[in-house]
Amino acid sequence: MVPEALDDLTVFLLSLLVGYAVISRVPATLHTPLMSAANAIHGVVLVGALIIAITADTPAGYALALVATAFAAMNAVGGYVVTDRMLQMFRGPGRRPGRAGGGGAGGEHHGGADAADAAVDADPGGPDAAARRPGTGGAP
Amino acid sequence: MSAVDVVVRLVYLAAATLFVIGLHLMNSPATARRGNVLSAVGMGAAVAVTLVLLLAAQTVTPAGWAVIAVGTLVGSAAGLYAARRVAMTAMPQLVSLFNAVGGGAAALIGIHDYLRFGGPDGDLTLLTTTAVTLDVIIGTVAFSGSLVASAKLQGWMPGRPLLLPLRGAVNLVVAAVIAVASVGLIAELAGTPALLLIVVAALLLGVLVVLAIGGADMPVVVSLLNSCTGVAVAMAGFVIGNSMLIIAGALVGASGGILTKLMADAMNRPIRAILVGGYGTGDAAGALPGGAGDGVRTIDADDAAIRLAYAGRVIIVPGYGLAAAQAQHELHELAELLEERGVRVDYAIHPVAGRMPGHMNVLLAEAKVPYSQMREMDEINPEFPRAAVALVVGANDVTNPAARRPGTPVSGMPILDVDRAETVIVVKRSLGHGYAGIDNELYTDPRTRMYLADAKTALSELGTAVKTLVG
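Sequence order for the protein chains is A and B.
Residue numbering for the first sequence follows UniProt numbering, beginning at 1 and increasing consecutively.
Residue numbering for the second sequence follows UniProt numbering, beginning at 1 and increasing consecutively.
These aren't lab readings, by the way, just hints derived from the structure by calculation.
The structure displayed is predicted, hence computed values, not measured ones.
Incorrect hints may appear among the rest.
[Unchecked claim] Partner residues are not named here, just some residues of chain A that face chain B (Cβ under 7 Å, in silico): (1) P3; (2) L6; (3) T10; (4) R25; (5) V26; (6) G48; (7) P59; (8) L64; (9) N75; (10) G78; (11) Y80; (12) M86; (13) L87; (14) M89.
[What the hints assert, rightly or not] If we take Cβ atoms under 8 Å as the criterion, some of the chain B residues that face chain A in the derived model are: (15) V67; (16) S76; (17) A87; (18) I186; (19) E188; (20) A190; (21) N226; (22) A266.
By construction, the Cβ of each residue, glycine as well, lies at the ideal position given by its N, Cα and C atoms.
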């Protein structure tokens with residue numbers, strides 16, 4: 001049991017680090033859809049709800065499994081659909097330029113925005129990430 | 001390990017990979033939707049392969065299958081219906097509601113597992129019981145807290161912080177009860193009664209903490225609770241020994257945590273201060289000598305239309321008032337009229353405009369505002385001095401110049417520099433306070449004209465005026 005628990009702990013910690021690394025560069029514009037998308041991902045608790053239905057054999061157990069399954073299914077299905085609805089609206093009419101627009105801090109999405117396939121390259125570099133951090137501008 | 005087991009684990013691994021890639025693609029608006037679809041595919045595969053696992057195990061009773069079928073169908077239908085029907089302005093409360101049920105499901109898994117296998121005579125190890133305890137505490141707090149947050153955002157509960165007397169002490173007592181019951185549960189001294197006590201106390205704690213937090217801070221709270229649900233799901237994974245739940249839960253837990261930090265930074269509010277609550281009670285009103293109403297200059301539709309139509313450059317600052325009035329379409333129509341006359345129009349988006357960071361972008365995108373015209377704060381602020389008119393629609397605290405001075409409740413909060421434009425026209429229903437509960441010094445600035453009306457009415461009046469006067 002202990003080695004298994006240590007394996008689980010390893011997976012947990014590494015996943016925390018991956019989550020940290022993946023999210024830290026998302027622009028404020030996408031925070032709401034991102035929160036919603038993350039929300040949908042924890043709908044994976046549905047898998048857990050299905051698994052406890054294996055062991056249910058009392059009325060109380062069935063009741064718990066039923067509510068857990070319904071809750072989790074709502075989380076997963078609703079989360080993905082609502083996120084998709086939000087993201088659908090980000091498709092501009094005809095053109096999909098980056099937010100750089102007419103200058104200013106500029107170039108927040110160089111290249112990444114017009115080439116959907118360049119997702120991996122879409123990470124702006126360090127200086128841009130700093131420029132985008134809320135709180136670095138505005139009030140002197 | 002049987003062949004089915006191997007396949008199931010491989011599919012779980014693939015699903016977890018898709019979740020990571022899906023989150024990664026959220027880095028850019030161009031790829032975000034594809035990321036979400038990939039993530040959903042991963043979820044679908046994980047659920048499908050779990051059903052195969054249950055079939056192969058052949059231990060599920062007919063009643064168990066009925067439970068699975070009914071639960072999944074009812075939950076999916078409810079989620080689908082809510083997600084399709086919700087208005088874009090009501091998005092934050094729906095996300096919070098989905099978060100609540102996710103946290104609830106995670107807690108129920110822990111409760112079920114303990115009731116089935118736990119207790120002094122059970123076969124749960126110390127580690128598993130600890131995971132159950134954490135799962136139930138975090139999941140339950142996320143459940144009740146998210147429901148309260150959702151109700152506040154929906155307006156079913158007052159958005160202002162509800163400060164009970166002695167709430168600090170009460171919260172401490174509730175937390176202590178949870179701690180003691182947890183020790184009882186983990187040390188196998190108390191068993192099921194301790195578990196029930198934890199559930200009740202954690203439900204109460206979630207409600208108490210979120211009640212004390214004002215509506216303006218709610219997005220940060222929703223994000224934090226989202227993170228909590230992620231951790232609860234990971235704990236549920238520890239309980240039932242499912243590594244995919246651990247991976248997905250930890251991913252969401254970490255990403256939600258960072259998002260919370262980013263949002264709190266955008267409002268210049270320490271997370272700790274938000275959780276303590278009590279912000280925006282209006283105590284600090286009167287920061288402006290003389291109070292609201294003095295020295296305010298109003299403007300009518302015709303005058304405002306002329307100023308807009310003959311401006312070289314207009315920067316629009318949309319805020320929650322716009323969202324609440326659902327006036328994004330009227331706004332875009334007005335902007336198009338101005339553009340036809342050769343006016344350059346941009347939209348300045350504060351990171352926390354609307355009810356959530358990025359919420360305003362979603363609303364404007366719904367009205368088909370081109371993405372290139374939505375400009376972020378850091379990018380647009382230097383351009384205000386070159387704008388003839390800054391048109392503020394229903395934004396308050398994020399435009400308050402008082403934030404540049406120390407000693408006010410909004411001090412240090414990043415703001416949009418609208419007061420540096422040649423003229424400022426503010427469309428607002430009343431001279432009421434924003435969430436910070438203080439007067440906006442912008443409204444008494446000599447260059448500011450107030451257009452006191454509902455955003456939808458005001459913007460269509462402006463559109464008509466532009467057409468008839470200068471069309």
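key: Indices of hints not satisfied (ascending)   = The structure conflicts with hints 1, 2, 3, 7, 17, 18, 19, 20, although it agrees with all the remaining ones.
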